[in-house]
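Trainee: Residues per chain, in single letters:
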Amino acid sequence: MVLSDNDKTNVKATWSKVGDHASDYVAEALERMFFSFPTTKTYFPHFDLGHGSGQVKAHGKKVGEALTQAVGHLDDLPSALSALSDLHAHKLRVDPVNFKLLSHCLLVTLSSHQPTEFTPEVHASLDKFLSNVSTVLTSKYR
Amino acid sequence: MVNLTAAEKTQVTNLWGKVNVKELGGEALSRLLVVYPWTRRFFEHFGDLSTAEAVLHNAKVLAHGEKVLTSFGEGLKHLDNLKGTFADLSELHCDKLHVDPENFRLLGNVLVIVLARHFGKEFTPDVQAAYEKVVAGVANALAHKYH
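Going down the list, the protein sequences come from chains Z and B.
The UniProt record's numbering puts the first residue of the first sequence at 1, with every later residue one more than the last.
The UniProt record's numbering puts the first residue of the second sequence at 1, with every later residue one more than the last.
Hints may contain errors.
[To be verified] Only part of the chain B face toward chain Z is listed, based on derived beta-carbon distances under 7 angstroms:
| # | residue |
| --- | --- |
| 1 | Arg31 |
| 2 | Ser50 |
| 3 | Ala52 |
| 4 | Leu97 |
| 5 | Ala116 |
Because the hints were derived from the structure by calculation, they are not lab data.
All figures in this text were calculated on a predicted structure; none of them were measured in a lab.
Even glycine gets a Cβ: it sits at the ideal position worked out from N, Cα and C.
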C-alpha cells in the first residue's frame, strides 16, 4: 500500500509534533503492547518488563530513533531500513504478527497524546506508514 | 468467554459509563471506513462514501455507528456469556450480511484507538489491556456461529 503525498505530509507533521517525545512514546507503546498482548513478552525474557523499566525506556529510544530515520526516508524505506531488516530476519526473527501489535499500540499512544491532530486521515496515513515499515522489516525473512 | 479479573471488569464498566455512545460509535465506524477503505464494500447503500469528508458527514454511517456501539455496550453487561449474547447477531452477520469476521477485529482495533483518543491519560495500559480482551471476545462471539 503506497504512501500518497498526503500520507507523507501527515506522517512528517505527526512525527515533527512528537519531537523529543519519540523515545517516551515508543516506550509507552512497548509497555502497552506487553500488557495487552503478553505473548510479545516472549521476545524479551532478558528484560525487566515492569512499569518504568529502564530497559524498556532504552529500547523505546532505539526503536524511536529508527522510526525517526524512517520518517526522514519515506521515499526509500527499504534502503533506509536495510540493516534493521537484516537484523530482524537473521538474528531477532520476531514473528511477523507482532509488528501489527506494536503498530496498533503506537497508534493508541499517538492518539492519546495528540487527540486533536489524530484525525481519521492522519490515522489512516500513520497506519499505512507503520504497515510499510513492518513489511520492510520482515521482507528478508524468507 | 473473556477472562477478565474483577478489577478489569470494573475498569471496563467505569470507563464505559463515561462514553457518549452516539459520538464514539459514529467516530469508530467512520474511522473504520476511512482507515480501511475496503470495508466500504458493506455499505454501498449508505450513499456517498467516496472521500473521508463524505464518510465523516454521512448521516447513515453515524447512525449505524451508534447502533453498533449500543449493541457492543449491551455485550459489556454480559461479559461472562458473550457467545450467547451475540448468537443471533453472529448468525445475521454470516447468513444475511456476509461479513468476514476479520472486520470485527479491525473495528475492535479502531474502537480501542478511539477510546484512547477520547480518554487520553485515563486510558492507561491496564485499561487498554482490559478493553483488548473485550474487543477480542466480542469479535470471537460474533464469529462463533459462522459456518
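Trainee: Going by Cβ atoms only, is Ala52 of chain B closer than 7 angstroms to chain Z?
Mentor: 5 angstroms, holds
Trainee: Per the CB criterion, is Leu97 of chain B less than 7 angstroms away from chain Z?
Mentor: 23 angstroms, violated
Trainee: Does the interface hint hold: is Arg31 of chain B within less than 7 angstroms of chain Z, judged Cβ to Cβ?
Mentor: 5 angstroms, holds
Trainee: Identify whether the interface hint at Ala116 of chain B stands, where standing means a beta carbon of chain Z within less than 7 angstroms of its own.
Mentor: At 4 angstroms from the nearest chain Z Cβ, Ala116 of chain B passes the 7 angstroms test, so the hint holds.
Trainee: Would the hint on Ser50 of chain B stand, with a C-beta cut-off of 7 angstroms toward chain Z?
Mentor: Since chain Z brings no Cβ nearer than about 14 angstroms to Ser50 of chain B, farther than 7 angstroms, the hint is violated.
The earlier numbered hints that this structure contradicts are 2 and 4.
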